[in-house]
Amino acid sequence: MNRTLVVFWKELREVLRDRRVLFSVAVSPLLLTPLLLWGIGMMVQQREESARKVVIPVALVAPRGGEEFIAALEGGGVAIRRVTERKQAEAMLRNRQVKAVVLLDEQFDERLHNESTARVVVLFDPLNDSSRDAVQRLKALTEHFSAEWVQRRLARRFIGAEFTQPVAIVTQTIQAENPVGNLILSIILPYVIVLSAFFGAVSPAFDLVAGEKERGTIETLLATPASRRQIVWGKFLTVTVVCMAAAIFAMLGMLLAFALPTSSRIFTEQAGKFSLSLPVLGALVVTLLPLTVFYSAVLTIISTFARNQKEAQTYLIPLSTLIVLPAVASMFTRTESALWLAAVPVLNSAMIIKQVLTGIVEPSFMVLSLLVSCAVAAIALQIATRLFERETVLLSS
Amino acid sequence: MHSETRIRFRVSLLAKGLQRMVTALGLSKVFTDRKRGAVVALDEVSFEARPGEVFGILGVNGAGKTTLLRVLGTILTPSAGDATVAGYNIRTQPQEVRQHIGYLTGSTALYGRLTAREMLAYFGSLYGLSGEMLRRRVDELVETLQMGEFIDGRCDRLSTGQRQRVSIARSIIHNPPVMFMDEPTAGLDVVTSRTIMQFIEDSRRRGHTVLFSTHIMSEAERLCDRIAVIHRGRIVAIGTLEELRARTGERALELVFLSLIGEKEGEE
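Residue numbers (the working numbering), protein chains in the order written: chain A, 1 to 397; chain B, 1 to 268.
For the record, the hints were derived by calculation from the structure and aren't laboratory data.
Wrong hints could be hidden among the right ones.
What the hints assert, rightly or not - Rough simulated footprint, nothing fancy, chain A against chain B, three-plus residues with beta-carbon under 8 angstroms: (1) 75–87; (2) 122–133.
Stated by the list, open to error - Here are some, though not all, of the chain A residues that point toward chain B, as calculated from beta-carbon distances under 10 angstroms: (3) K10; (4) E14; (5) Q107; (6) R111; (7) N114; (8) R215; (9) L221; (10) L395.
Claimed, not checked - Listing some non-contacts, in silico: residues in chain B with all C-beta distances to chain A over 12 angstroms: (11) T105; (12) R137; (13) L145; (14) T240; (15) A246; (16) A252.
Predicted model only: the values in this text are computed from it and were never measured.
A virtual CB, placed ideally from N, CA and C, is assigned to each residue, including glycine.
In isolation and in its complexed conformation, chain A is listed as follows:
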């Protein structure tokens, strides 16, 4: 067997027995990510439900009338506490005895019946979550009450409801099978994939060269007939496989999370319908290949240059910034992006993933992006190989 492959299989075997790697590459994305999103979804759902059920205490200052409106509020889960003075109501709000204060216009009923606008003033505490929730509830109930009165006013004049809406807009998605979930995933997935691929491979990459120097196994390896190129390529291949596995598991973990009905509600009600076709998966793997080669080569460079794993970790901090920034930028960059972005490593891969997931693939962007990624990966790999052939770097520990 080729010595590169001998090194590769041995390294892969060791990596597969490393619990840290298994946890970060497979267990965490496949188990923890769906669990985390499911947990957040449950919390959001519970909060929404409890917010719907809870009766909100509100102080009301209504000099005259407004009984119908007040009844509508009470019917919508608002407990009215009538007070005569605004100051008294404000004090109750400050003391958190009520969540909001409703001030009704003196001519509330007259304005309502005379086809004028009756004013409702709501006082609330912007620093208090439940006070803000109370405002939302009051707004919704008032809008509902208002809409009912519009119907009544129109009916009085024998006018249909269509009168107030001369034109109606109806939007329909052309992707019936993967609608909103696809859009949300296309924003989140590229970010998750490009970061997971990098951080998943950090531990094995540092263990494979810097770790060997630290443990003193590198010298015996260098004394075998395997050339340095064969050794570094075997190690580099292993890191690339781990990179790719980390990216794929991160993607599967997110899809699994979206498939869970509760967690998917955080993002969209329709996310459960999301599915990935084989061509889309194939395109993702093609995109990921140069990216993982680039990551793997860069991590091998650091691992070779560092005297031990601890030193490698210190180089990782500035490098992480260079990876995280373009990954974050991909979330805020439009899918149909400018061609020059194809020349920015990491961001270009994230943008292709985004394009593939939304089905808006720009061939020129894709080709240029893949060319740039391949070129950058080849340069990084060449540097890693050269560095590995330098005896002073390799034997420094």
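Got chain A; can you put chain B on it based on the hints?
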């Protein structure tokens, strides 16, 4: 004729017929250090080692023993001079040199997540062994070095003595004619050191050449057929123990050694 070419020509002549398993002529190694500038780790080292000979390289820490073995093992490239190992030139045939040497150091660690058997199979494959031949060689070493009890155990769970036996097996998996042993007993207890010493004696009996670097006088005294005393990168004396004793007029090797180093320092 250019001096480098002349040295290479002489080295190849000397190695002919493998009368000399290791031949070094004028080997030098200079490192560039940011703080200290050019550091001469080896300074025109020349010697020969014969088949079936345990050739000791005796020197204090930092004398250049490890650098010498690394250069001969083609892990480092010499700055000047040349050498052959098992008839192969270290500059032009590094892969063949590595194919014919076994390399064992005191700081050698094992791959913790591999079993001892996997470790041996890995190195065997790197030396070009495969299939039935590799399996047979591993079984042979398991029997010879009595590793049956722990051969399928993970290396990170082995005792120091067991690890050292795996290290020895790893270094001879390809049955090399030349062994480079760089302070192989460093940090080991008496019992484990004894395993190494016995292994060196066995290698000599099998007709293998052993280059054995140490700073422990008793080991050199017991094992080495000839000793090269190395100091500050230079070989200050080569000979059998008796020859060195005669040269210095001292009996104990420790005093012989100190005397030789003193001689060298005196010259400077």
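Evaluated hints:
no.	hint	in the structure
1	75–87	holds (count 3)
2	122–133	holds (count 7)
3	K10	holds (5 angstroms)
4	E14	holds (5 angstroms)
5	Q107	violated (83 angstroms)
6	R111	violated (80 angstroms)
7	N114	violated (85 angstroms)
8	R215	holds (4 angstroms)
9	L221	holds (8 angstroms)
10	L395	holds (7 angstroms)
11	T105	violated (6 angstroms)
12	R137	holds (15 angstroms)
13	L145	holds (17 angstroms)
14	T240	holds (29 angstroms)
15	A246	holds (36 angstroms)
16	A252	holds (33 angstroms)
Checked against the numbered hints above, the structure violates hints 5, 6, 7 and 11; every other hint is satisfied.
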